[in-house]
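Both chains come to you apart, so use the hints to assemble them.
As given, the protein sequences belong to chains F and V, one line each in that order.
Quick note: the first sequence uses our numbering, first residue 1, plus one each step.
Quick note: the second sequence uses our numbering, first residue 1001, plus one each step.
Incorrect hints may appear among the rest.
[Stated by the list, open to error] Calculated cross-link-like contacts (lysine-lysine; reagent style DSS-like; alpha-carbon spacing at most 30 Å):
no., chain 1, residue 1, chain 2, residue 2
1, F, Lys36, V, Lys1046
2, V, Lys1111, F, Lys95
3, V, Lys1100, V, Lys1114
4, F, Lys87, V, Lys1110
5, V, Lys1114, F, Lys73
6, F, Lys23, F, Lys73
7, V, Lys1102, V, Lys1114
It is worth saying that the hints were derived from the structure and are not from the lab.
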Amino acid sequence: MVVLQVDPFLTELTTMFEQSTEKHSVWVTLKRSSLKSKVQRNKMATKGEPIEYRCLIRATDGRKTISTSVGAKDHQRFQASYATILKAHMTSLKKRERKDKKKAAAGVKTDTSSNKKPKRV
Amino acid sequence: MVYITSWDEFLDRSEQLFRADPDSTRYVMKYRHCDGKLVLKVTDNKEVSVFFVLFFFFRLRQVVLIAWVYRSGTHWCSFDSVDNSFSHLMNCFTFCQCLKFKTDQAQDAKKMEKLNNLFFTLMSRGPDADVTEVAGKEQTEAPTGKKGRGRKQ
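Just chain V, with the same shape it has in the complex (with noise of 0.2 Å):
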């Protein structure tokens, strides 16, 4: 599975996944000490197939290129787009939506205690638990003060 680079969008689509099955949905630390690695992973195994269809009209003489997207559980969409080049008839592939960020930096380890905090009030509470003050962004650390001294010297 393709590693999420951006922190943001691995927060924000773990969440959605977790609070689309809070039962099945899982988050994984590894914490690799003699490489300095830290991989996090948010999964719920369930599978997702993706069907394509491809349809010729000839009068528009256009491919149109309809796909289903069909999670195993209860969620059906779809989305329809247009393709000129026509390759393949159908096409079928299943993979599992599994979402994984990885790091070597210390940084980055203040924004895990961040996910784990949501994590563990999300999961012990509930997923409508007030996660305000944990995803609220306590980012008014900014050491300011250096200036300010430097004047007063």
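The following block holds chain F by itself, in its conformation from the complex (with noise of 0.2 Å):
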């Protein structure tokens, strides 16, 4: 697993997604960690220092991994460059069918309206 900072993450994660159009899928996962082992985390609470979590992100296409971290600070950055690449990604999935019906509703309502219109001039 490859740990990255956050733009190098986030310019990977972009061509994984370009690479997967074809076949395969991306994983993303987030967790809370400490990035920390156990035992570290262990003598840490004995010692009483206090643990600071962030929040860890995977990705993977199934042939490679990678990874980054955001903490409290920087999480908010992340997650709108991170909703970006995923608007920009993820194309395939089907568009609401109600715009059409929402369209022929308005068309509906105007021709409704153009009809009344003449009525209350």
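Below is the structure:
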């Protein structure tokens, strides 16, 4: 597993999405972690040191795994750019069928309103 | 594992699951472009065992089903129910608590974004973090402008 900084992780994630369009899936896992081993955690607990938790993000396409972590200070910036990446690449999901219905409904409404308007005038 | 069909149920239960044990809960997003599928999963990998014991009360002529739900970890809970059909004496089954949601709709991707934000906040700031901003439903984006435009014209 490759631990990356936030920005290289995002670029890697983008390429991962681009490379798995024809086959393969992309998994992204979020987990709360202290990034320390159990032994280290126990030592810190006995010493009374506070354990800092971060959000660990792992991504894989089945061939390669990358990971990064965000803390309390920088998670908002990450989640914004993560959301844009997802939006840009989740293009194969079905668009809402209601839109057509809404358009149709809106069309009908405008028709009715246009019908009504002359009456008012 | 069975998929949860209601988004709100999935959202509530996944948050509950995380809050019950923040350190061992993970949230997985799987996206398969070629099939246009999106699967969200929240699990804490703990085994849940359910034990059933049936007691037959001769005076009452009823079979009382007592079930204990045991969760590896700290949680114990139990519930009782009355059942008149005497089918088995004791039964036990174990399963892993895992919440899954599957979709192929683009509109659900927006809902997922909210869940992402919720988990990012909870995981990096801790379960005591203020999530009212994140969870606060921003459903004020209803396009109500159309009618106004129509009238103006």
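| Holds or violated: V/Lys1100 with V/Lys1114, Cα cutoff 30 Å? | holds (16 Å)
| Restraint check for F/Lys87 with V/Lys1110, where alpha carbons must lie at most 30 Å apart | With a Cα-Cα distance of about 9 Å, the restraint between F/Lys87 and V/Lys1110 holds, given a limit of 30 Å.
| task | For the pair supplied as a hint, F/Lys23 and F/Lys73, confirm whether the alpha-carbon distance does not exceed 30 Å. | result | Violated. F/Lys23 to F/Lys73 sits at ~36 Å, over the 30 Å cutoff.
| query | Are the Cα atoms of V/Lys1114 and F/Lys73 separated by 30 Å or less? | reply | The given pair, whose Cα atoms are some 19 Å apart, holds under the 30 Å limit.
| task | Take the C-alpha atoms of F/Lys36 and V/Lys1046, compute the straight-line distance between them, and say whether it is at most 30 Å. | result | holds (21 Å)
| query | Is V/Lys1102 within 30 Å of V/Lys1114, Cα to Cα? | reply | Within the cut-off at roughly 16 Å; holds.
| Given pair status - F/Lys95, V/Lys1111, alpha carbons within 30 Å | Within the cut-off at roughly 14 Å; holds.
Checked against the numbered hints above, the structure breaks only hint 6 and satisfies the rest.
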